[in-house]
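Line by line, the protein sequences give chains H and B.
Note that our numbering has the first sequence beginning at 1, numbered continuously upward.
Note that our numbering has the second sequence beginning at 344, numbered continuously upward.
Simulated from the structure, these hints should not be mistaken for laboratory data.
Where is the CB? At the ideal position from N, CA and C, for every residue including glycine.
Keep in mind that a hint or two might mislead.
Label-pair restraints from in silico Cβ distances [stated by the list, open to error]:
id	chain 1	residue 1	chain 2	residue 2	range
1	B	H377	H	K263	32 to 38 Å
2	B	H377	H	G78	56 to 62 Å
3	B	V421	H	T91	49 to 55 Å
4	H	A132	B	L505	28 to 34 Å
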Amino acid sequence: MSARVGGLGRYVIQRILLTFPMVFILLTVVFLLLRVMPGDPVLAMLGGRNVSAEVIAEHQRRYGFDQPIYVQYVQYLGGVIRGDFGRSFRTGNPVLQELLQRFPATVELGLWGIFVSVILGFTSGLIAAIHADRPVDHAVRVFHIASFAMPLFWLGLMLQVLFAVKLGWLPVASRLGGRMAFTFKPLTGFYVLDAILRWDGTALADVARHLVLPSITLGIALTGLQGRITRASMLEVLGMDYITTARAKGLPERAVILGHALKNALIPIVTVLGLQFAVLMGGAVLTETVFSWPGIASYLVRSIGARDYYAIQGSVVFIALFISTINLIVDIFYSVIDPRVRY
Amino acid sequence: MAERRHGLWSAIVRLLDWGLRKASGGRRALRGQHVLNIGVVMVLSFVLMTVLAVRWPMLSGYHPTLYRDAPRLEGPSVSHWMGTDHLQRDVFSRMLSGGAPSLIVAFSAVALSMTVGSLFGWISGFVGGWLDRILSLTMDAIYSFPSMILAIVLVAMFGSGLQPMIWAVGFVYIPTYFRVTRAEVLQVRETTYIEAIRAVGASNTRIVLRHVAPNTVNAIMAVSSFNLADAILTVAALSFLGFGLPPPAPDWGFDIQNGQKFLQSGAWWLITFPGLMIITLSLGFGLIGEGISDLVNPKRKRKGV
Chain H
1 MSARVGGLGR YVIQRILLTF PMVFILLTVV FLLLRVMPGD PVLAMLGGRN VSAEVIAEHQ
61 RRYGFDQPIY VQYVQYLGGV IRGDFGRSFR TGNPVLQELL QRFPATVELG LWGIFVSVIL
121 GFTSGLIAAI HADRPVDHAV RVFHIASFAM PLFWLGLMLQ VLFAVKLGWL PVASRLGGRM
181 AFTFKPLTGF YVLDAILRWD GTALADVARH LVLPSITLGI ALTGLQGRIT RASMLEVLGM
241 DYITTARAKG LPERAVILGH ALKNALIPIV TVLGLQFAVL MGGAVLTETV FSWPGIASYL
301 VRSIGARDYY AIQGSVVFIA LFISTINLIV DIFYSVIDPR VRY
Chain B
344 MAERRHGLWS AIVRLLDWGL RKASGGRRAL RGQHVLNIGV VMVLSFVLMT VLAVRWPMLS
404 GYHPTLYRDA PRLEGPSVSH WMGTDHLQRD VFSRMLSGGA PSLIVAFSAV ALSMTVGSLF
464 GWISGFVGGW LDRILSLTMD AIYSFPSMIL AIVLVAMFGS GLQPMIWAVG FVYIPTYFRV
524 TRAEVLQVRE TTYIEAIRAV GASNTRIVLR HVAPNTVNAI MAVSSFNLAD AILTVAALSF
584 LGFGLPPPAP DWGFDIQNGQ KFLQSGAWWL ITFPGLMIIT LSLGFGLIGE GISDLVNPKR
644 KRKGV
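Turn these sequences into a full structure, and let the hints guide you.
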């Protein structure tokens with residue numbers, strides 16, 4: 001047991017060390033590409049007005065654009081290591097602070113998105129596997145393939161048209177409606193948790209209503225993959241000898257599936273769940289844009305529009321760090337649920 | 344008018360189906376590949392439709408950009424059976440040629456990333472050592488980052504339009520081909536027949552070009568079909584966010600963004616039809632990918648991985 005923990009510990013350290021070059025490479029690529037991109041950020045910031053050369057030079061000095069590129073690069077890198085992502089041109093606030101403010105919104109949306117995809121994908125995959133090669137199976141597989149081909153932003157808009165505009169059951173966009181947006185005082189930034197902590201039923205209902213459509217939109221994006229892996233993994237396990245043994249000794253089918261097969265089928269499913277965070281963040285860009293969700297993905301899109309260099313760089317590094325961390329956690333979890341995995 | 348269009352459509356589909364049956368009839372491997380055939384028919388119909396609509400803009404009876412005499416924002420009717428938009432244009436005529444940007448960008452980008460990615464993959468897998476390590480690490484870094492976000496950041500840097508989109512989307516998929524070819528090369532490199540060829544005195548270049556590269560083709564074909572399906576969605580998203588062609592040009596993604604403005608007034612047809620076009624085309628490529636994967640690995644078909 002102690003040997004295993006030691007191996008795992010070494011593996012964790014190795015993985016953490018391997019995370020750094022990844023974030024570093026992405027940072028470098030984005031930094032260099034931003035520098036060759038046409039358009040002067042200082043002029044964009046000053047709004048293209050008739051400004052004197054001194055004002056421009058002053059701003060260039062303030063943001064360090066008068067320095068050679070390699071000096072800017074080293075300075076930026078040093079800043080990131082100290083946790084300083086620079087200041088946003090638009091607001092003048094530190095980029096990291098702005099990202100941290102919006103981060104809970106993205107995570108909350110992501111978690112509910114995963115929840116929806118697990119419910120839809122896992123259940124449908126399980127049903128398809130149990131009824132393999134029967135009509136139900138074919139229908140589910142078509143649903144899975146179609147969910148791959150669905151443009152997320154379009155799905156979001158269609159849900160808005162149907163449930164918000166035509167039926168009026170749910171709000172069109174944002175995290176909180178009307179007066180609530182001004183009166184609700186968040187604690188952690190995770191609104192569902194905040195509403196519960198504040199013991200505020202009306203707020204909780206409002207937060208939940210606003211979460212439904214974005215979560216379904218994001219969830220459907222992940223359902224196809226989740227469902228296919230569940231089905232395949234379950235089918236593979238169901239074909240194994242020990243399942244035949246379990247059936248042969250007269251166990252009811254329910255016990256065979258839930259008690260014997262499901263546990264082993266879970267391993268690839270959990271792995272996929274972890275890998276989905278990259279897809280999730282990509283989907284979050286479109287979902288947040290369509291639903292005016294104040295998260296980091298929509299922050300990135302707006303920063304691009306304003307050529308806000310430090311905000312773009314900061315968002316990319318932040319997202320890269322987030323995904324690497326999640327992947328690391330999934331890898332560790334993987335070793336816990338599958339004792340065969342040794343490091 | 345509507346009947347004649349419908350007749351033309353079914354004639355095209357029937358012709359394609361007949362051609363496919365003829366073409367695949369001789370080869371046993373292609374017989375019974377319904378998924379693949381359906382996918383090919385879907386994609387070919389879309390390509391044909393787009394080419395015809397771009398060549399003859401009056402195909403549907405209305406010009407996609409110049410015709411401005413329809414009633415404003417009217418739902419589907421007999422004369423405009425996908426409705427009309429806020430600039431009094433016919434939505435159906437815009438749908439016919441609106442796939443051109445998606446198809447051009449998707450095909451070019453996948454060709455670009457396939458060339459660059461496979462080349463690096465072959466080199467990396469064959470040379471090995473520190474070059475392989477650096478390339479793999481860089482590719483893994485790009486691969487692990489959300490492709491949609493990377494594409495948006497890149498296209499914002501390169502500027503909007505077709506060419507920047509090709510560069511951006513192409514760049515994003517490079518690691519996919521790198522990984523597939525590198526893995527394949529590593530596997531093939533260790534086989535006895537490569538060892539035998541090497542013993543006979545074949546050069547590295549010859550081994551890669553004559554023996555390793557052909558072995559990677561199958562995997563690359565399947566991957567590129569799935570990539571095309573994904574590229575169609577990425578291009579649509581980029582156009583939706585406003586990085587595509589400038590306004591009057593018909594483009595599904597951009598037309599959806601446009602329709603979003605009239606969503607509150609209940610103009611569902613402005614976003615529904617472009618979306619259905621995107622889904623069908625992307626689905627077509629996806630089915631081709633499924634079909635090829637089943638062909639390459641028959642065991643897969645049963646398991647459905």
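Here is how each hint holds up against the structure:
no., hint, result
1, B:H377 <-> H:K263: 32 to 38 Å, "36 Å, holds"
2, B:H377 <-> H:G78: 56 to 62 Å, "59 Å, holds"
3, B:V421 <-> H:T91: 49 to 55 Å, "53 Å, holds"
4, H:A132 <-> B:L505: 28 to 34 Å, "44 Å, violated"
Violation of the numbered hints given earlier is confined to hint 4; every other hint is satisfied by the structure.
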